[in-house]
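Asker: For reference, the chains in residue letters:
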Amino acid sequence: MKAKLLLSLVSVIVTISAYSQNPLFSNSSIDTINTISEEPIVTEKKSHPVKRVAIFNGLIKKNTDIQRAIKERLASLSNNYKTSENKRTIFVIFFLAFIYGIFHSLGPGHGKVFVFSYILTEKPKVLKAIGTSYAIALAHGLSGLVVALIIVFTLNTYTSKAAEINDTSAIISQISYAIIFIIGILLLVKSLRNKHHHHHDKLEKIKFIPFVLSVGLVPCPGTIITVTFLSSMGMLGVGIVSSFFIVLGMGITISLISIISLFSTVLLQRLFTANTKSYKRYYKGFSLAGAALLVFLGAMFFISSL
Amino acid sequence: MPHIKRYCIALFLLLIIQLGIKAHPHVFIETKITVVYSQNTIDSLSVQFDFDPMFSADLIQNFDANSSKQFEKDEIENIYKDAFSNLKEYNYFIHVVDGSKKLTFLAVSDFKAFINTEGVVQYTFTIDTDIKTNIENKKVKIAAYDHTYYIDVRFEKEYIHFKNKELANFDWKVIEDKSMAYYYEQIYPQCAVISFN
Numbered sequence: 001m002k003a004k005l006l007l008s009l010v011s012v013i014v015t016i017s018a019y020s021q022n023p024l025f026s027n028s029s030i031d032t033i034n035t036i037s038e039e040p041i042v043t044e045k046k047s048h049p050v051k052r053v054a055i056f057n058g059l060i061k062k063n064t065d066i067q068r069a070i071k072e073r074l075a076s077l078s079n080n081y082k083t084s085e086n087k088r089t090i091f092v093i094f095f096l097a098f099i100y101g102i103f104h105s106l107g108p109g110h111g112k113v114f115v116f117s118y119i120l121t122e123k124p125k126v127l128k129a130i131g132t133s134y135a136i137a138l139a140h141g142l143s144g145l146v147v148a149l150i151i152v153f154t155l156n157t158y159t160s161k162a163a164e165i166n167d168t169s170a171i172i173s174q175i176s177y178a179i180i181f182i183i184g185i186l187l188l189v190k191s192l193r194n195k196h197h198h199h200h201d202k203l204e205k206i207k208f209i210p211f212v213l214s215v216g217l218v219p220c221p222g223t224i225i226t227v228t229f230l231s232s233m234g235m236l237g238v239g240i241v242s243s244f245f246i247v248l249g250m251g252i253t254i255s256l257i258s259i260i261s262l263f264s265t266v267l268l269q270r271l272f273t274a275n276t277k278s279y280k281r282y283y284k285g286f287s288l289a290g291a292a293l294l295v296f297l298g299a300m301f302f303i304s305s306l
Numbered sequence: 001m002p003h004i005k006r007y008c009i010a011l012f013l014l015l016i017i018q019l020g021i022k023a024h025p026h027v028f029i030e031t032k033i034t035v036v037y038s039q040n041t042i043d044s045l046s047v048q049f050d051f052d053p054m055f056s057a058d059l060i061q062n063f064d065a066n067s068s069k070q071f072e073k074d075e076i077e078n079i080y081k082d083a084f085s086n087l088k089e090y091n092y093f094i095h096v097v098d099g100s101k102k103l104t105f106l107a108v109s110d111f112k113a114f115i116n117t118e119g120v121v122q123y124t125f126t127i128d129t130d131i132k133t134n135i136e137n138k139k140v141k142i143a144a145y146d147h148t149y150y151i152d153v154r155f156e157k158e159y160i161h162f163k164n165k166e167l168a169n170f171d172w173k174v175i176e177d178k179s180m181a182y183y184y185e186q187i188y189p190q191c192a193v194i195s196f197n
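Sequence lines, in order, name chains A and B.
Under this note's numbering, think of the first position of the first sequence as 1, with each following residue one higher.
Under this note's numbering, think of the first position of the second sequence as 1, with each following residue one higher.
Certain hints may be false.
Heads up, simulated DSS-like pairs for lysine-lysine below, C-alpha to C-alpha not over 27 Å straight-line [said to hold, decoys possible]:
hint, chain 1, residue 1, chain 2, residue 2
1, B, 32, B, 139
2, B, 173, A, 45
3, A, 45, B, 138
4, B, 81, A, 45
5, B, 81, B, 32
6, B, 32, A, 61
Estimated spans, in silico, between C-beta atoms of each pair [what the hints assert, rightly or not]:
hint, chain 1, residue 1, chain 2, residue 2, range
7, A, 65, B, 163, 25 to 33 Å
8, B, 117, A, 234, 18 to 26 Å
9, B, 116, A, 259, 42 to 50 Å
10, A, 58, B, 66, 44 to 52 Å
11, B, 38, A, 237, 53 to 61 Å
12, A, 185, B, 66, 35 to 43 Å
13, B, 197, A, 65, 34 to 42 Å
14, B, 173, A, 128, 51 to 59 Å
15, B, 114, A, 234, 21 to 29 Å
16, B, 119, A, 263, 43 to 51 Å
17, A, 41, B, 67, 51 to 59 Å
18, A, 76, B, 163, 29 to 37 Å
FYI, nobody ran anything at the bench for these hints, they're computed from the structure.
We treat Cβ as the ideally placed atom computed from N, Cα and C, and that holds for glycine.
All chains should be built: construct the whole structure from the sequences, respecting the hints.
Answerer: So this is what it looks like as structure tokens:
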């Protein structure tokens, strides 16, 4: 079981990404339009000795194409509804929001890696795994909806508040990393205790709610932009309901990840238990290394976000 | 062997899961770049950004203060200050490699913002490059991307355009450039490669 945790944490190293912020906005901006041309700085381009393979390049772009098309269609439908007020349009908007949730949550910041780690550690039943996935999707989507409503009811737009949202999101990210660090510490303690106390450990389960909140805390920008846009079209109610359809879609993707995680857990368990010598040899080392890795990653991302 | 096979299957599944980490963008830009050429020199790049309709609507609501459906001079200044100037930190999303040299842009000029007839917000600006092209087998690469992938930046359908191209002798093509891979080196940007004869 601890070997699975290590493998999941290896994937965390490879794939975890900090929450990104919109490059267009910053609180420290230049006052006036530049009218003087400036020569560019020329530097030697670094070459990379290791051959790189972006095996997901095509899939990433395909996913982006789909999201782009959905957003354009959503905008077009909203414009149509303003003139025609055809009720059927609203249901199409809800459906597109649902599809958008599925594809958008294939992006980072939607908790998949942590869900994967959690499942490999706790090995819940299928229904609980799906429930955890939807809890994370709900936290992520709801936090985005809350931010969107704050923007709407302060009579502002997303772009007017984008610099502040960037700053707030950075703070929320820092909190998330700190919580991940703490969860890593709990896992580390659990791994150490399990060396000597197999059956009476008080840290039997990672606390569910802190875990869900730490993963789903960062507001989803996709939800924010969608809700504020629909609100700007005079369709706030549709925007709010759409956010729940986005959550439904996100939940499907994250649940799929959960189920794949469970399946790979079963495969790995069979691999290691098939050879008891290997299992015993790596068990202790993996359990400590895996937990230490989570502590390290949480600390590293927290410090780098300061 | 059966164990190795299971292990490989398990690792493959783990790898599949990482698919979910990648596609990120929340805003979409289509860019039209015009290479402005003079004798033996690429003087500048004339760049246009077209934003997606959703983000455009938000920009309009925020910056078109008098709801005139066009940006006035003071509104353009606000846009420049609050929704553009920070792109300096991102090389204005324009990445140029002159032979083996990478160009870092310190500023742009002639910034303007428009709202077109379809309600799409467009930015236009000029980047000075001053790239000498009278070198045998000179290659210049031009790509457009946001390395954080918060914004997906794509060439428009004709990729790039040329001004005064009759003054130059060159060929060009568009490739997916592996040497410019970004976003955890998982995305190859479209790159226009201009080869001067």
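Asker: Hint by hint, say whether it matches the structure.
Answerer: Do the hints match the structure? See the list:
1. B:32 / B:139: Distance ~20 Å between residue 32 of chain B and residue 139 of chain B Cα, so the pair holds.
2. B:173 / A:45: holds, 21 Å
3. A:45 / B:138: Holds, because 15 Å separates the two Cα atoms, which is no more than 27 Å.
4. B:81 / A:45: violated, 30 Å
5. B:81 / B:32: holds, 22 Å
6. B:32 / A:61: OK: residue 32 of chain B and residue 61 of chain A at ~19 Å, within 27 Å.
7. A:65 / B:163: 25 to 33 Å: holds, 30 Å
8. B:117 / A:234: 18 to 26 Å: Holds: the Cβ-Cβ distance is about 21 Å, inside 18 to 26 Å.
9. B:116 / A:259: 42 to 50 Å: holds, 45 Å
10. A:58 / B:66: 44 to 52 Å: holds, 45 Å
11. B:38 / A:237: 53 to 61 Å: holds, 56 Å
12. A:185 / B:66: 35 to 43 Å: violated, 55 Å
13. B:197 / A:65: 34 to 42 Å: holds, 35 Å
14. B:173 / A:128: 51 to 59 Å: holds, 53 Å
15. B:114 / A:234: 21 to 29 Å: Cβ of residue 114 of chain B to Cβ of residue 234 of chain A: about 24 Å, so the range 21 to 29 Å holds.
16. B:119 / A:263: 43 to 51 Å: holds, 46 Å
17. A:41 / B:67: 51 to 59 Å: About 41 Å separates the Cβ atoms of residue 41 of chain A and residue 67 of chain B, which means 51 to 59 Å is violated.
18. A:76 / B:163: 29 to 37 Å: Since residue 76 of chain A and residue 163 of chain B have Cβ atoms about 33 Å apart, the given range 29 to 37 Å holds.
Checked against the numbered hints listed earlier, the structure breaks hints 4, 12, 17; every other hint is satisfied.
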